[in-house]
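Visitor: Just need the whole structure built from these sequences, with the hints factored in.
Counted the way the UniProt record's numbering counts, the sequence shown spans residues 1 to 613.
No lab work stands behind these hints, which were simulated from the structure alone.
Each statement offered as a hint is correct.
Each pair of labels, with its calculated beta carbon distance range:
#1 Asp177 to Gly402: 36 to 42 Å
#2 Arg272 to His340: 16 to 22 Å
#3 Gln508 to Gly34: 55 to 61 Å
#4 Lys524 to Leu52: 47 to 53 Å
#5 Gly293 to Gln508: 39 to 45 Å
#6 Lys353 to Leu292: 21 to 27 Å
#7 Lys525 to Gly402: 30 to 36 Å
#8 Pro364 to Asn153: 29 to 35 Å
Quick caveat, the model's predicted, so the values are computed rather than measured.
Cβ coordinates follow ideal geometry from the N, Cα and C atoms, glycine included.
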Amino acid sequence: MPDGAVNFNNVEYIARVGWVTYAEKVPLWNPKTGKSTDFNTSFSFRIDTRNLSNYGHGICFFLAPVGIQLPVNSAGGFLGLFTRIDDNTSLFPLVHIEFDSFSNKEWDPTTVGSHVGINNNSLVSSNYTSWNASSHSQDIGHAKISYNSVTKNLSVSWAYELTSDPRESVGISYIIDLAKVLPPHVTVGFSAATGSNIEGHRLLSWEFSSSLDSEKAKKGLIVGISVSGFVFLFSLVTIVVVLLQKQRKRKAKEIKDLLSLNEDLERDAGPRRFVYKDLVIATNRFSAQRKLGEGGFGAVYRGYLNEMDMMVAVKKLSGGSKQGKKEFVTEVKIISKLRHRNLVQLIGWCNEKNEYLLIYEFMPNGSLDTHLFGKRPHLSWDIRYKIALGLSSALLYLHEEGDRCVLHRDIKASNIMLDINFNVKVGDFGLARLMDHGLGSHTTGIAGTFGYMAPEYVIDGRASKESDIYSFGIGILEIVTGKKSVDHSEENIETSLVERVWDLYGRQELMSAIDKKLGEDFDKKQAECLLVVGLWCGHPDRNSRPSIKQAIQVLNLESPLPQLPPKMPSATFHISPSSSLLLSSSRVSVIQVSREQMMRDEEDLGGLCGSET
1 MPDGAVNFNN VEYIARVGWV TYAEKVPLWN PKTGKSTDFN TSFSFRIDTR
51 NLSNYGHGIC FFLAPVGIQL PVNSAGGFLG LFTRIDDNTS LFPLVHIEFD
101 SFSNKEWDPT TVGSHVGINN NSLVSSNYTS WNASSHSQDI GHAKISYNSV
151 TKNLSVSWAY ELTSDPRESV GISYIIDLAK VLPPHVTVGF SAATGSNIEG
201 HRLLSWEFSS SLDSEKAKKG LIVGISVSGF VFLFSLVTIV VVLLQKQRKR
251 KAKEIKDLLS LNEDLERDAG PRRFVYKDLV IATNRFSAQR KLGEGGFGAV
301 YRGYLNEMDM MVAVKKLSGG SKQGKKEFVT EVKIISKLRH RNLVQLIGWC
351 NEKNEYLLIY EFMPNGSLDT HLFGKRPHLS WDIRYKIALG LSSALLYLHE
401 EGDRCVLHRD IKASNIMLDI NFNVKVGDFG LARLMDHGLG SHTTGIAGTF
451 GYMAPEYVID GRASKESDIY SFGIGILEIV TGKKSVDHSE ENIETSLVER
501 VWDLYGRQEL MSAIDKKLGE DFDKKQAECL LVVGLWCGHP DRNSRPSIKQ
551 AIQVLNLESP LPQLPPKMPS ATFHISPSSS LLLSSSRVSV IQVSREQMMR
601 DEEDLGGLCG SET
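Guide: This is how it looks when you write it as C-alpha cells:
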C-alpha cells in the first residue's frame with residue numbers, strides 16, 4: 001500500500017466490504033471506578049463516485065465489542081456492520097458514524113437522502129445532516145470525531161481541501177452515554193461497502209487518542225518481561241513508590257497553584273474570596289428551585305448574600321472534572337483583570353472541599369437567547385440595537401483596549417447577559433485565552449459551540465480575533481432575525497443562518513430577514529446596517545472579515561456599508577494532513593471481503609478478521 005494508505009475494496013467490483021481496525025483493544029470505561037474515557041480521532045479519506053449518477057454505499061467509523069467479526073451478507077447499505085433487515089440492529093452492540101452515500105428507503109432519512117449520521121446500534125441515524133459524496137468525489141476529506149465523557153457529547157466535524165461549500169453542514173453531535181451501550185474495552189476501526197453500484201473508498205491517515213490510554217501510558221505498564229520473583233516484586237514496589245511520589249508532587253503543585261492564585265487575587269482590589277458554607281446558605285443548599293441553568297462543567301444558581309445585601313449568580317463547577325478546574329482557573333485569572341461596563345462583573349470565588357465556585361452579579365433579565373428564542377416577551381427594536389452596540393463595545397475592549405488581547409472563543413446568545421435595563425453583560429470566560437497584541441492566531445484546540453464557530457477554526461483549531469468576529473456576526477444576525485444560527489426544527493436545516501440571510505441580500509430582499517415579531521416597528525437603516533455587518537463578520541473567508549473597530553464604525557453609521565458579493569463565497573482552507581499514525585503500521589488490521597467470501601462460514605470469517613498487513 002503506497003504512502004501507508006488503505007483501499008477498502010476494488011473500485012471496479014460490486015458487493016464488496018472492507019474493514020480497517022486497530023489491532024489492540026481500546027479502553028472505553030473503567031469497570032472498577034466507572035470512569036469513562038474522552039477520545040479524539042482524526043482521519044483523512046477519499047471517496048470516488050467515478051462520475052456516475054448511481055454509486056454507493058459509503059464509509060463509517062465504528063466502536064464495537066472486542067472480538068467482533070465481519071457479519072455475513074453485510075454489503076451495500078448494511079455498510080459491513082449489519083446483517084438483519086427486520087429490526088435494523090447489529091449482532092453486536094456498536095456505535096458508528098457514517099458517511100452514507102446511498103439513500104436506502106427502508107431506514108435512511110427521507111428528508112436528506114445521502115448524509116452523515118451518528119448511529120446507536122442501528123441502521124437508523126440518531127442524528128444526521130445532508131452530505132453529497134459526488135460533490136466531493138476524489139477530493140481529500142478531513143474528519144474529526146470527539147467524545148466528552150462528562151457531557152456525553154459525541155461529535156463529528158469534517159471539511160474538504162478543494163470542494164468545501166459553506167452552504168453545507170460541517171458537523172453534528174449526539175448525546176449518548178457510551179458506557180451504557182458498549183463494554184469496557186472496544187475495537188475501533190472503519191468499514192466501507194459497495195452494493196449493486198461501485199464506489200471507491202480510501203483511508204489516507206488516521207490517529208486516535210483517549211484519556212484512559214494516556215493514564216495507562218503514564219503508569220508505565222510493563223508487559224512481556226520475564227524476571228525473577230524477587231526482582232519483579234522489588235521493581236513493582238519501586239514503581240508504586242515512584243508513582244505515589246509523582247502523584248503527591250502533582251497534587252502538591254495543584255495546591256500550590258491554587259494557593260498562589262488565591263494570594264494573587266486577594267492582593268488585588270477586586271473579587272473577594274468566599275467561604276463555602278456562606279454560599280451554601282446563599283443558595284439554600286444549591287436547591288433545584290434556585291437553579292438558573294446548567295452547562296457542560298457545572299450549574300448556575302441564584303443566591304442572596306446577607307452580608308452584602310445583594311442578589312448574585314453562583315456558578316458551581318464540577319469539582320471532580322479536570323476541565324472544570326481548568327475552567328475555574330482560566331475564568332478567575334482572566335475576568336478578575338477585566339473592567340468594562342459590558343462585561344459581567346465577578347464578585348468573588350471559592351475553592352475549598354474540592355468545590356470550585358464563581359460568584360457574579362445577578363442579571364435580572366437573564367440571557368439573550370431566552371428572549372430571542374424562548375417564551376419571554378420579544379425585544380423591541382431599540383433594545384435589540386442597543387444590545388448589538390453593547391456587544392460590539394465588549395468585543396472592542398477584549399480585542400483592542402486591554403494590556404493583552406482576550407479571545408473569548410464562545411460568543412453566543414446564551415453567554416450574553418442582560419441587566420435590569422437590558423444593558424449587555426458578556427459572560428462565561430471559561431474557554432477564553434490571552435494573546436499578545438499583534439499575534440495573528442493562537443492554537444487552542446477546538447472549543448466552543450457549533451453554529452457560532454468560524455469554518456477555519458473548526459478545521460485547524462486556531463483561535464483568532466477573526467474567529468471571535470465570526471461568532472459576533474452570527475450573534476448580530478440572530479438579534480435582527482430572531483432565528484438561531486442552526487435550528488434543527490426548521491425544514492431548511494442544511495443551510496445556515498448566514499447563508500439564508502446572504503441569499504436574501506443577493507436578491508435585494510434583505511428586509512424580509514427581519515424578525516416578523518417586530519412587524520414594521522424598526523428602523524430600516526439601522527436594520528440594514530446590522531444585517532450587512534453581520535454578513536461581513538460572518539464571511540466564510542477570515543481575511544475578508546472586518547476588525548471590530550471597522551465593524552463599529554459602520555454600526556455607528558460613521559463609515560459606509562461594505563459591498564459584499566451577491567452570492568455567498570466559498571470558504572478555503574489550508575490543511576496539513578495528519579501524520580501521527582501510519583496506516584501501514586502492524587497495529588492496524590485490514591480486511592477486504594468480496595460477496596463470495598461473505599457467504600463463507602463463520603470459521604473462515606474468523607480467520608479473515610485476524611489478518612494484518
